[in-house]
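There are 2 protein chains.
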Amino acid sequence: MIIIGIDPGTAETGIGIIETEKNSQKILRIHHECVKTSSKDEKAFRLHKIYNDISCLIKKYKAEAMAVESLFFNTNAKSASAVGQAIGAIMVAAGAHKIPVYQFSPLQIKKILTGYGRAEKKQLQSAVKKHLKIVDIPKPTHAADALAVAICLALKD
Amino acid sequence: MIIIGIDPGTAETGIGIIETEKNSQKILRIHHECVKTSSKDEKAFRLHKIYNDISCLIKKYKAEAMAVESLFFNTNAKSASAVGQAIGAIMVAAGAHKIPVYQFSPLQIKKILTGYGRAEKKQLQSAVKKHLKIVDIPKPTHAADALAVAICLALKD
Chain E
1 MIIIGIDPGT AETGIGIIET EKNSQKILRI HHECVKTSSK DEKAFRLHKI YNDISCLIKK
61 YKAEAMAVES LFFNTNAKSA SAVGQAIGAI MVAAGAHKIP VYQFSPLQIK KILTGYGRAE
121 KKQLQSAVKK HLKIVDIPKP THAADALAVA ICLALKD
Chain V
1001 MIIIGIDPGT AETGIGIIET EKNSQKILRI HHECVKTSSK DEKAFRLHKI YNDISCLIKK
1061 YKAEAMAVES LFFNTNAKSA SAVGQAIGAI MVAAGAHKIP VYQFSPLQIK KILTGYGRAE
1121 KKQLQSAVKK HLKIVDIPKP THAADALAVA ICLALKD
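Protein sequences appear in the order of chains E and V. Each residue of the first sequence is one higher than the one before, starting from 1 at the first, in my numbering. Each residue of the second sequence is one higher than the one before, starting from 1001 at the first, in my numbering.
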């Protein structure tokens, strides 16, 4: 199964695509990148770019499921609204391709990958490297976070 | 100018389309409706429907600008995130058609339409009737609210 993981944000949305095999521990990194949009552009233009880029990647890599990092539970309303808008644009892309979407909170991601909900960023990145059997931490950080949430879905199934 | 007004929500998104003439007080109601989605369906499917229906209406009525009711300033993070997702899907539709988006808060809408930021729902609905020179309050309520925000943009220009 091909999974597209997303770390949502209006300025930077991390994307990590992995492949998993049923009844196998093997997880393969296929692609990772970060969609960036400029604060100089209109919000609608930026959200459309996020939707469009993700839609193209779902199609290109034939993603069959999407894993999205959800909000930190105690976020304030302003940032909840901003991240919500990015998640909305991302979900439209998933809806267009009729693929299921699974959300994981930051706490769940840390717990699934490291066994510890309050793990440090470095511990999480080490876990991503270990699961994907790669030497270097994927860059930029948002793309590594997107791979992390994709791995969560792979381990969940 | 054709303006599409939106009262965003995942379950019900109100839509109101009006036409205004430059240097004229005349505002004409063109169309109003409510896009409904079922809570039984996947969130991504629902957001894609909102995006798709609005995109079709922008195209059908050749809307040149969008007015969206923004969040109430003291909303909690959970509802800010949910409404944010609907606004995100709506903005993708505006971005796809390259039309500008203007946001008005509930307080601004009341102030512009009735002159009073704490106006009651009935006063707002009367103002909508007056501005559009129509006899009955448009139904459902979300569609009337969408016409209200569209009128705000018309009066602003």
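To be clear, the hints were calculated from the coordinates, so they are not data collected in a lab. Worth double-checking, as some hints may not be accurate.
[Stated by the list, open to error] Stretch-level coverage of chain V by chain E, calculated; a stretch enters the list once three of its residues show a Cβ under 8 Å from a Cβ in chain E:
1. 1026-1035
2. 1120-1133
3. 1140-1147
[Said to hold, decoys possible] Straight-line alpha carbon distances no greater than 20 Å define the calculated EDC-like cross-link-like pairs of lysine to aspartate or glutamate that follow:
4. E:K98 - V:E1120
5. V:K1098 - E:E19
6. E:K43 - V:E1120
7. V:K1043 - E:E64
8. E:K98 - V:E1064
9. V:K1098 - E:E64
10. V:K1062 - V:E1042
11. E:K43 - E:E12
12. E:K49 - E:E12
13. V:K1098 - E:E42
14. E:K98 - V:E1042
15. E:K156 - E:D53
16. E:K98 - E:D41
The C-beta atom is built at its ideal place from N, Cα and C for all residues, glycine as well.
Inset, instruction - Please count how many residues of the stretch 1140-1147 of chain V have a CB within 8 Å of a CB from chain E and say whether that reaches 3. - result: violated (count 0)
Legend entry - Hint consistency between K98 of chain E and E1120 of chain V [alpha-carbon to alpha-carbon, up to 20 Å]: 42 Å, violated
Inset, instruction - Given the hint that K98 of chain E pairs with E1042 of chain V, test it: the Cα-Cα distance must not exceed 20 Å. - result: 10 Å, holds
Legend entry - Given hint E19 of chain E paired with K1098 of chain V - CA-CA distance at most 20 Å: Violated. K1098 of chain V to E19 of chain E sits at ~36 Å, over the 20 Å cutoff.
Legend entry - Given coverage of the stretch 1026-1035 of chain V by chain E, tested with a Cβ cutoff of 8 Å and a minimum of 3 residues: Check failed, 0 qualifying residues.
Inset, instruction - Quickly compare the C-alpha distance for K98 of chain E and E1064 of chain V to 20 Å and report which way the hint goes. - result: 30 Å, violated
Legend entry - Given hint E64 of chain E paired with K1098 of chain V - CA-CA distance at most 20 Å: Between K1098 of chain V and E64 of chain E the Cα gap is close to 30 Å, so the pair fails against 20 Å, i.e. violated.
Legend entry - Distance restraint between K1098 of chain V and E42 of chain E, which requires alpha-carbon spacing of 20 Å or less: 10 Å, holds
Inset, instruction - Please work out if K1043 of chain V and E64 of chain E have their alpha carbons no farther apart than 20 Å. - result: 16 Å, holds
Legend entry - Proposed proximity, E12 of chain E with K43 of chain E (alpha carbon, max 20 Å): 13 Å, holds
Inset, instruction - Assess, step by step, whether the Cα of K1062 of chain V is no farther than 20 Å from the Cα of E1042 of chain V, and give holds or violated. - result: It is violated: about 30 Å lies between the C-alpha atoms, which goes past 20 Å.
Legend entry - Pairwise hint evaluation, E12 of chain E against K49 of chain E, where the allowed Cα distance is 20 Å at most: 11 Å, holds
Comparing the model with each numbered hint stated earlier shows that hints 1, 2, 3, 4, 5, 6, 8, 9, 10, 15, 16 do not hold.
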